[in-house]
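Student: Residue strings, one per chain:
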Amino acid sequence: MTKKAKDLIPPGLVYIADNIISKHNILGESKGSGAKWAKDLNLPKWAETIFFAGCGYQYTSGLESLSSLTRRMDKSVLGAELPMGIAGFQKKLGIDLAGMYRKVVTKGGDSGAQPLRDAVRVLDGLGIKFGYLADEEPCCGGLLHYIGLQQEFARNAQEVYGKLKSLGVKRIIGIVPSCTYTLRNLIPKCVEGYDLEVKHFSEVVLENIGSRELRFPQEVKVTYHDSCQLARYLGLIEEPRRILRAIKGIELVEADWTKGEWATCCGGGGGFEAVFPELSQILAVNRTEELVETGAEIIVTHCPGCIMQLKDGLKELKNANVEVLDLAQIMAMAMEV
Amino acid sequence: MSIFTDYKKEIMDAAHSERMRIALSRAIKSYRSNTNNALKKFPHTIKMAEEVKEIKEKAIGEMEKLVQQACEAIEENKGKAYIAKTAEDALNIITGLVGTGKLIVKGKSMTGEEIGLREHLEEHGNQVYETDLGEFIIQKLNSRPMHITAPAIHVPKEDVAQLFSKITGQDLPPDITLLVATARKLLREKYFQADIGMSGANVVAADTGTLFFIENEGNIRLSTGAPPVHIVLVGMEKLVPTLGEAYKVAEVTWRYANYTVPSYVSLISGPSKTGDIEKVITYGAHGPREFHVIFMDAGRTELAQHPILRQALYCLRCGGCLYECPIFAVTAGYFGDKYFAGVGAVWAAAISRNTEKAAAVAYTCLTCGRCKIRCPVQIDTPEMIVELRRLLAEGASLPPFQ
Numbered sequence: 001m002t003k004k005a006k007d008l009i010p011p012g013l014v015y016i017a018d019n020i021i022s023k024h025n026i027l028g029e030s031k032g033s034g035a036k037w038a039k040d041l042n043l044p045k046w047a048e049t050i051f052f053a054g055c056g057y058q059y060t061s062g063l064e065s066l067s068s069l070t071r072r073m074d075k076s077v078l079g080a081e082l083p084m085g086i087a088g089f090q091k092k093l094g095i096d097l098a099g100m101y102r103k104v105v106t107k108g109g110d111s112g113a114q115p116l117r118d119a120v121r122v123l124d125g126l127g128i129k130f131g132y133l134a135d136e137e138p139c140c141g142g143l144l145h146y147i148g149l150q151q152e153f154a155r156n157a158q159e160v161y162g163k164l165k166s167l168g169v170k171r172i173i174g175i176v177p178s179c180t181y182t183l184r185n186l187i188p189k190c191v192e193g194y195d196l197e198v199k200h201f202s203e204v205v206l207e208n209i210g211s212r213e214l215r216f217p218q219e220v221k222v223t224y225h226d227s228c229q230l231a232r233y234l235g236l237i238e239e240p241r242r243i244l245r246a247i248k249g250i251e252l253v254e255a256d257w258t259k260g261e262w263a264t265c266c267g268g269g270g271g272f273e274a275v276f277p278e279l280s281q282i283l284a285v286n287r288t289e290e291l292v293e294t295g296a297e298i299i300v301t302h303c304p305g306c307i308m309q310l311k312d313g314l315k316e317l318k319n320a321n322v323e324v325l326d327l328a329q330i331m332a333m334a335m336e337v
Numbered sequence: 338m339s340i341f342t343d344y345k346k347e348i349m350d351a352a353h354s355e356r357m358r359i360a361l362s363r364a365i366k367s368y369r370s371n372t373n374n375a376l377k378k379f380p381h382t383i384k385m386a387e388e389v390k391e392i393k394e395k396a397i398g399e400m401e402k403l404v405q406q407a408c409e410a411i412e413e414n415k416g417k418a419y420i421a422k423t424a425e426d427a428l429n430i431i432t433g434l435v436g437t438g439k440l441i442v443k444g445k446s447m448t449g450e451e452i453g454l455r456e457h458l459e460e461h462g463n464q465v466y467e468t469d470l471g472e473f474i475i476q477k478l479n480s481r482p483m484h485i486t487a488p489a490i491h492v493p494k495e496d497v498a499q500l501f502s503k504i505t506g507q508d509l510p511p512d513i514t515l516l517v518a519t520a521r522k523l524l525r526e527k528y529f530q531a532d533i534g535m536s537g538a539n540v541v542a543a544d545t546g547t548l549f550f551i552e553n554e555g556n557i558r559l560s561t562g563a564p565p566v567h568i569v570l571v572g573m574e575k576l577v578p579t580l581g582e583a584y585k586v587a588e589v590t591w592r593y594a595n596y597t598v599p600s601y602v603s604l605i606s607g608p609s610k611t612g613d614i615e616k617v618i619t620y621g622a623h624g625p626r627e628f629h630v631i632f633m634d635a636g637r638t639e640l641a642q643h644p645i646l647r648q649a650l651y652c653l654r655c656g657g658c659l660y661e662c663p664i665f666a667v668t669a670g671y672f673g674d675k676y677f678a679g680v681g682a683v684w685a686a687a688i689s690r691n692t693e694k695a696a697a698v699a700y701t702c703l704t705c706g707r708c709k710i711r712c713p714v715q716i717d718t719p720e721m722i723v724e725l726r727r728l729l730a731e732g733a734s735l736p737p738f739q
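Here the protein sequences line up with chains A and B, keeping their order.
Under the numbering used here, the first residue of the first sequence carries the number 1, and numbering increases by one thereafter.
Under the numbering used here, the first residue of the second sequence carries the number 338, and numbering increases by one thereafter.
Hints were generated in silico from the structure; no laboratory data involved.
Take the hints with a grain of salt, since some may be wrong.
Unchecked claim - Result set (EDC-like, lysine to aspartate or glutamate): computed pairs, CA atoms no more than 20 angstroms apart in a straight line:
| no. | chain 1 | residue 1 | chain 2 | residue 2 |
| --- | --- | --- | --- | --- |
| 1 | B | K366 | A | E251 |
| 2 | A | K129 | A | D7 |
| 3 | B | K377 | A | E261 |
| 4 | A | K75 | B | D350 |
| 5 | B | K439 | B | E627 |
| 6 | A | K318 | A | E290 |
| 7 | B | K422 | B | E639 |
| 8 | A | K75 | B | E639 |
| 9 | A | K189 | A | D135 |
| 10 | B | K709 | A | E152 |
| 11 | B | K346 | A | D7 |
| 12 | A | K170 | A | E203 |
All of these numbers come straight from a predicted model, not from anything done at the bench.
The shape of chain B in the complex, shown without the other chains:
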């Protein structure tokens, strides 16, 4: 039980941190109030969420077909598409495209986090800049994200001021406006110096090969628009059949991520091109001339076979459940593995295949069920947790769960 002992120590250290508790309780309060307002203002969201649940249920059942379709569409758009069976395959494809000695600007990606993408690129002699403010803080702190949409949720402004003071060599006060401006200054030129921009994606339409990017900071627009090459790593569970369905998934995602509407939603389907001179199509006008999309399986198609645990693949990654979890409220992402809280246990088992960690996380869940009340696609986490515990207790191999 050594993993459990270490894990429990981490969780308890987090639970004893007064600063973290303050940061989290502020975040929970504002999440609930923002989301309630957003849902009140756009009440159709609730019905749309039910539709999205059906869209996801169906799409998860036909991931393999959808990925073929999306690859064809992207190739037709003159992008390049790849299917990575495993995390290792994904890393190899990316290394093949990136090479070494490159400057990379990167948008926040939980899928990247899942396979240790940044570390991998750095090990191969590349310089990687996380451009999402929260993720930038995490990178500089040498920490790991503690929430899927707000990775630095556990870091109070005083700690950010201290960190940025160290980076800039100036004595910066804990003034949030100033700290944001500092990050902007530190990253501004990197977008235009970068050889490659990298990102994840929130949802993918298989028919047109269109990827949706939801954000507020504008860092994804710059990372995916300014450098000459854009590489996307996306999990196969993000695929839905059509552009119209993808839009619905996106709207429900941002609304349950507590936004009436985000500042930016980008739709990208291929490389930048122009036909303005003699109608000759030329690639790389103002945006990237190369557009690569890697669809990663890494256990997802196997997970989709399990009648109960497949629900984990419906997750839109809005992060709503985390704000409702009483344990997350005192431990943040320490209750979890690569993904967090109850649903994180299923990802630990099926995707990261870390049985002991999965057990530790699974037995941390209260099975209280409030996450399910919040979830736009009604993922029954208590049901998944009990099933996962059964598989662990019966010594089933994880996956293919036999």
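So here's chain A without its partners, still in its complex pose:
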């Protein structure tokens, strides 16, 4: 990144970009720390088909606390630019401000990664054979593209492809919508002869679900929130709904307008929450209100960013009667895996 670029790119995004470039994950965590969730699942590391976990779910607790810090700062007179700028600067000096803060506020555990564990159980339950690269899993670098750092993105794309090829990967099952779109649509534009088959979790589930009996533990009204990347980028609008409709006990209730391709963004798109933490929260609350108005008891979505945003929206609305769950969690419950 040139100095000029750093002048025009908001500090929050420079921070993320530096993390991806230097540590290969959006939070700048040390190598492999994201893979802890899969420790007891005994997934093979080497396989032609891999489950691509992505940064979002793996670093949820870290991202939540960082976002809580910046939101608090953004509402104060200091603004979010200062901590984001300082966080980036201090990291260079070996001091990790955001990390220190995170350790103080993180409630321990990585509950944000639960959808990953459930997704693995669901795939396994459907008889799909796959591996997980764990600490070898590269960051797709999608955010570099959205930040405008195309050269860095292209370099990362080459590395990602090279690494996946060298590990013998042929097929990828993605779960984070943004990573899936990046691996399926963006990286191929930067890599000649790209030959990896990329499918999204919801597509794989739907293909393999057959006439299997699916039943949710109780009768429940559910609404579905489309992530921008899943609905408008990947065009996966019907797939999650067909899965939900196949589960007995679930009644799908939806808004008249703001669904599918017309769904309202949760306010967490493209690194926005790192530039406008407070505004991002306002948008989260607005979207949560739209979803709550359907009368649903559970908001189902399928994106780690959306989950964080909608949970925060419910918290701000002081609504303890509605829960946010990932589609993978719903599936796991319906399959009893």
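Given the coordinates of chain A, work out where chain B should sit on it, guided by the hints.
Tutor: Using the frame of chain A, we list chain B on its own:
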């Protein structure tokens, strides 16, 4: 990052305004319901919009040819046509025509807003009346428009009542009918006292030199019909080859601007004339005797060269995307520069050439893509935003984007 800091403060102040949020959420609700009804009633619009996309794609590629053609047609119609290479050229041409000490009635024009036309005319000792109700409110509030078709979208009726009470010296209640009648009374005589009427235009047919004006209030009919001189400032991106194509662009524009059909569509191709006495053509019968059209480039032909960002020039200015933008829903036009929301960032960069503002606006976009679903000509704003960010991040000069 000082521009960014100021801009962010403006955006956040707007986002904290409960009144603005109420005004916007009402507007969004009624826009969606009106547009859905209009499209249901006239379902051919969807197909026509696809045709319009093709018309615009082609026309943007040949703007320079079309502008020559339109100028010739207008001159043939006994109007006067001008090409302004820059905003400054446009202002100079207009100042040359207007002079000073004139009374001007003006229709709403985003192109005028783009180059600060009203302020410029006022600085040159002219008295300017904005005649579009929303724009009149904005002018009197000393504010700036917050939506391209509904400039006062963020001002609730209570604030309008307060403003009009101050102007008239009467104590007016927040009754919308009464407020509209008050504006009518305040502006009525100005149309007939005015030396000059000024306007923008929605679309221009190059073959006949015909300009289309879409409106509901009737202020454009009066502004462009009553005064003895009519001056039009129009961006070159509004040109299409033929009258038939121009009609299609106009119909799609108003339908996506949430109207089944607007109250008025005026087609103007030249000055007012009559041959009723001895077949001698005489100019200035009941309408203006002088008709001037200024076609403004101001970065448009350069923008047209860029394979991705040129999409910004396809914009019909129906304003539909703004109603679908989750950020616009809480900030109105504070998310933007002269033009608003994601597409506004491209205009800030390419037309206003304000790199820092363009960056601030570009990094505000969520790239969520709902605007694209609404857009009648399918402008891919997320794609443009990512490309613009790339250019900004790589320190490219804006334009010519190298």
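Student: So, for every hint listed, does it hold in this structure?
Tutor: Hints and how they fare:
{"no.": "1", "hint": "K366/B <-> E251/A", "result": "violated (27 angstroms)"}
{"no.": "2", "hint": "K129/A <-> D7/A", "result": "violated (47 angstroms)"}
{"no.": "3", "hint": "K377/B <-> E261/A", "result": "holds (18 angstroms)"}
{"no.": "4", "hint": "K75/A <-> D350/B", "result": "holds (11 angstroms)"}
{"no.": "5", "hint": "K439/B <-> E627/B", "result": "holds (15 angstroms)"}
{"no.": "6", "hint": "K318/A <-> E290/A", "result": "holds (15 angstroms)"}
{"no.": "7", "hint": "K422/B <-> E639/B", "result": "holds (11 angstroms)"}
{"no.": "8", "hint": "K75/A <-> E639/B", "result": "violated (41 angstroms)"}
{"no.": "9", "hint": "K189/A <-> D135/A", "result": "violated (26 angstroms)"}
{"no.": "10", "hint": "K709/B <-> E152/A", "result": "violated (27 angstroms)"}
{"no.": "11", "hint": "K346/B <-> D7/A", "result": "holds (18 angstroms)"}
{"no.": "12", "hint": "K170/A <-> E203/A", "result": "holds (17 angstroms)"}
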